[in-house]
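With these hints in hand, go ahead and build the complete structure from the sequences.
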Amino acid sequence: MGKKAIMLGNEAIARGAYEAGVKVSAAYPGTPSTEISEALVQYKDELYAEWSPNEKVATEVAIGASMAGARAMACMKHVGLNVASDPLYTASYMGVTGGLVLVVADDPGLYSSQNEQDTRMVARAAHVPVLEPSDSGEAKEFMKLAFDYSEKYDRPFILRTTTRLAHSQSTVELEDRTEHALIPYEKNIPKRVMMPAMAKARHAVIEEKMAELAKDACTLPVNRVEMRDTKIGVITSGIPYQYVREALPDASVLKLGMVHPLPEQTIRDFAAQVETLYVVEELDPVIETQVRAMGIDCKGKEIFTLLGEYSANMLREAVLGEKVETKAPAQVPNRPPILCPGCPHRSVYYVLKKLGIHAAGDIGCYTLGAVAPLGVVDSTICMGASISSMHGIEKAAGKEFIRDWVAVIGDSTFLHTGVNSLMNMVYNKASGTVIILDNSTTGMTGHQDHAATGLTLQKEPTYAVNIPDLCRALGVKHVQEINAFDLVTLEQAIKEANASDEIHVIITKTPCVLLDKRKKPVYVSLSDKCKKCGMCLKPGCPAISKQADGTVRIDDTMCTGCGLCEQLCKFSAIEKVGE
Amino acid sequence: MSETKSIMIVGVGGQGTLLTSRILGGLAVENGYDVKISEVHGMSQRGGSVVTYVRYGKEVAEPIVEEGQADVIIAFERLEALRYRHFLKKDGVLIANDWRIDPMPVIIGAAEYPENILEDLEKEVTVYSIDATEEAKKLGNSKVSNLVVLGMAARHMDFTKEQWYSVIEHTVPPKTIEVNKAAFDAGYGA
Chain A
1 MGKKAIMLGN EAIARGAYEA GVKVSAAYPG TPSTEISEAL VQYKDELYAE WSPNEKVATE
61 VAIGASMAGA RAMACMKHVG LNVASDPLYT ASYMGVTGGL VLVVADDPGL YSSQNEQDTR
121 MVARAAHVPV LEPSDSGEAK EFMKLAFDYS EKYDRPFILR TTTRLAHSQS TVELEDRTEH
181 ALIPYEKNIP KRVMMPAMAK ARHAVIEEKM AELAKDACTL PVNRVEMRDT KIGVITSGIP
241 YQYVREALPD ASVLKLGMVH PLPEQTIRDF AAQVETLYVV EELDPVIETQ VRAMGIDCKG
301 KEIFTLLGEY SANMLREAVL GEKVETKAPA QVPNRPPILC PGCPHRSVYY VLKKLGIHAA
361 GDIGCYTLGA VAPLGVVDST ICMGASISSM HGIEKAAGKE FIRDWVAVIG DSTFLHTGVN
421 SLMNMVYNKA SGTVIILDNS TTGMTGHQDH AATGLTLQKE PTYAVNIPDL CRALGVKHVQ
481 EINAFDLVTL EQAIKEANAS DEIHVIITKT PCVLLDKRKK PVYVSLSDKC KKCGMCLKPG
541 CPAISKQADG TVRIDDTMCT GCGLCEQLCK FSAIEKVGE
Chain B
1 MSETKSIMIV GVGGQGTLLT SRILGGLAVE NGYDVKISEV HGMSQRGGSV VTYVRYGKEV
61 AEPIVEEGQA DVIIAFERLE ALRYRHFLKK DGVLIANDWR IDPMPVIIGA AEYPENILED
121 LEKEVTVYSI DATEEAKKLG NSKVSNLVVL GMAARHMDFT KEQWYSVIEH TVPPKTIEVN
181 KAAFDAGYGA
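Chains as they are written, first to last, in the working numbering: chain A, 1 to 579; chain B, 1 to 190.
Quick caveat, the hints were computed from the structure, so don't treat them as lab data.
Any given hint could turn out to be false.
[Unchecked claim] Once the Cα atoms are required to be at most 25 Å apart in a straight line, the calculated DSS-like pairs of lysine-lysine come out as:
(1) B/LYS5 / A/LYS4
(2) B/LYS181 / B/LYS161
(3) B/LYS123 / B/LYS143
(4) B/LYS143 / A/LYS519
(5) B/LYS137 / A/LYS517
[Claimed, not checked] Label pairs and their calculated CB-CB ranges:
(6) B/PRO174 / A/VAL193: 50 to 60 Å
(7) A/LYS187 / B/ASN31: 54 to 64 Å
(8) A/ALA181 / B/HIS170: 33 to 43 Å
(9) A/GLN480 / B/GLY109: 34 to 44 Å
Idealized CB from N, CA, C, for every residue including glycine.
Rendered as structure tokens:
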């Protein structure tokens with residue numbers, strides 16, 4: 001018996017990778033997958049792990065490592081798989097040398113994402129098998145199995161998780177690492193050069209491999225039949241398995257650890273033994289559709305929702321008709337996520353709002369610039385899309401139309417996929433203003449390093465990309481760095497940039513307020529000088545609130561001393577204290 | 001104990017709900033229970049309403065706590081206590097930090113912060129409250145208000161003070177052990 005520990009799903013995945021003998025891991029941060037790479041750092045003597053600039057690069061690094069004969073992995077959130085889908089579809093044709101696993105984290109309920117897409121759909125399209133654990137213990141075990149199966153069946157595997165699994169802690173039994181020596185490299189053009197003639201042959205091979213795996217799926221231990229009362233039978237997987245056990249403890253369950261390809265004979269046998277068959281799966285009816293295609297009657301999405309997360313109460317109501325009587329929720333004001341007190345983005349958005357500017361937005365904390373009272377961000381699509389979508393707006397509506405537009409993008413997002421977009425603007429003779437909100441980190445996901453921070457995943461010093469020089473190298477003539485809290489210079493620069501017919505890049509270079517943990521002098525509001533004008537409330541700082549008498553109060557536990565409100569107060573009613 | 005205990009920790013992103021749930025979860029693990037903790041990371045953490053769940057018992061399946069199931073709610077802010085009060089069991093206990101943080105709709109005047117939240121809640125459920133942020137300020141670090149509230153909650157749970165100390169020592173950053181223990185004491189003795 002190994003030692004037991006309580007771990008996040010993501011930590012357990014890292015542990016599983018370690019025990020499986022992984023040699024190379026690459027990833028771009030993305031909630032809810034980020035902690036996997038961070039947890040791999042503790043095993044740095046045994047394995048190499050990196051932050052790559054995006055998920056396509058990360059996946060290709062992992063493919064290369066597999067070609068070199070190592071067990072390799074890449075980790076990403078569901079939308080990251082879209083970026084990685086180009087290598088994924090063809091890596092599927094190539095198969096593997098060392099075991100190759102992509103960990104992909106879906107986000108039912110959209111805790112921190114722009115959509116609710118279901119990775120199992122992508123996996124089916126790419127002919128890539130998928131394992132899906134139900135708790136941290138299984139997450140670790142399934143990681144190890146994924147590598148074994150990957151090598152046995154010559155398929156890259158996906159380990160699919162969801163936010164609830166990734167960010168829940170449960171018990172894990174720790175075991176030792178098994179080292180896997182590099183599989184000696186052999187040149188194999190038909191397997192690895194995916195030009196038409198070779199790919200045509202490989203397509204036939206992977207169809208065979210998937211058929212073989214589907215057949216074996218009926219005996220693989222990851223799929224498990226739990227026979228109890230036969231009135232209700234449930235096919236389920238992942239976190240919904242826990243809700244089924246909680247709500248329907250007497251029901252028989254076919255728990256699928258591998259959700260693609262499905263074990264057809266096991267499903268037929270199980271369905272034949274139960275009176276009413278339910279398929280319980282969050283998001284798309286991936287299992288249900290295939291069960292119905294087998295000619296098996298079942299209940300699924302006509303009683304369960306396509307949206308969000310499931311729960312035990314939801315199942316009790318849908319399956320048993322038991323409505324859980326609870327008190328009605330209190331009618332209270334919402335508390336949406338907001339930019340932190342002292343966030344440099346707030347200062348930039350204040351200026352943009354003052355100038356009546358529309359922002360083509362991007363993915364990061366600064367997406368919160370769409371929320372009241374700022375309301376500056378007009379669109380958010382995907383990583384890098386701010387710059388290219390503004391370019392499209394200009395090409396459709398003309399130079400004059402975008403005089404009151406800017407694209408806003410963070411430093412990490414710019415390096416992820418924004419660079420191509422800016423190159424495209426220059427190449428295609430665009431005009432327009434791009435603001436790179438450079439806070440020297442990947443903020444939203446919890447402060448990860450990237451190619452311009454000068455530190456690796458392991459915090460080792462490395463070359464830091466110079467973002468202004470990079471923009472100049474792309475052909476941008478007007479590149480200016482400004483402190484985000486220098487309101488006067490910033491306003492002037494934006495006005496000039498938007499009046500120009502050339503591309504301007506403004507880099508607001510101010511570190512994320514959460515990076516600097518030193519205690520700084522805070523500000524107080526002097527009620528005798530306050531004229532109740534409300535100027536300091538305009539940027540929507542959560543540390544400042546209006547009192548009953550109309551004067552403002554600054555919460556000294558929240559104030560970080562950024563000084564934005566002091567700059568805005570015309571009556572010297574806001575003062576620094578504690579210097 | 002055969003029955004599963006369900007605890008919710010609610011507050012505003014940045015108030016230390018994560019650390020608190022890990023201390024609580026760690027304590028249950030050290031006492032031999034099966035434990036599940038469910039956390040919130042990412043965008044929802046940025047100043048928004050945040051809830052984490054801790055469930056422990058002989059065998060725990062579901063990692064979340066649902067409406068009407070919480071034995072204890074630990075709330076780091078009054079409005080958040082009110083927001084989640086329907087998750088409490090009939091005989092559940094609410095431990096609250098008597099502290100106000102205005103949400104953005106209140107700051108911009110689009111909504112009003114309800115008055116007398118804790119007084120009204122006391123009419124429905126058992127409430128223990130403390131001005132934990134003030135207590136934490138007295139200790140020189142307002143960030144440890146979460147441990148003050150946890151200290152108060154600890155008095156209504158079945159673990160010894162020494163057990164709490166031990167898990168605090170294992171969970172919080174080493175430099176902050178003393179101030180966190182002092183904060184715990186402030187709540188425990190209140």
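Status of the hints after comparison with the structure:
Between B/LYS5 and A/LYS4 the alpha-carbon distance is near 21 Å, which keeps this suggested pair within the 25 Å criterion. This hinted pair checks out: B/LYS181 and B/LYS161 have alpha carbons roughly 10 Å apart, not beyond 25 Å. With a CA separation close to 30 Å, the supplied pair B/LYS123 and B/LYS143 exceeds the 25 Å bound. For the given pair, B/LYS143 sits about 12 Å from A/LYS519 by alpha-carbon distance, which is consistent with the 25 Å threshold.
Only pairs whose Cα atoms come within 25 Å are accepted, and B/LYS137 paired with A/LYS517 is accepted, the gap being roughly 17 Å. The hint said 50 to 60 Å for the Cβ distance between B/PRO174 and A/VAL193, and at roughly 54 Å that hint holds. Look at A/LYS187 against B/ASN31: about 58 Å separates their beta carbons, and that is inside 54 to 64 Å. Distance hint check for A/ALA181 and B/HIS170: the Cβ-Cβ separation is about 37 Å, which falls inside the suggested range of 33 to 43 Å.
In this structure the supplied range 34 to 44 Å holds for A/GLN480 paired with B/GLY109, their Cβ-Cβ distance being about 36 Å.
In this structure, the one hint that does not hold is number 3.
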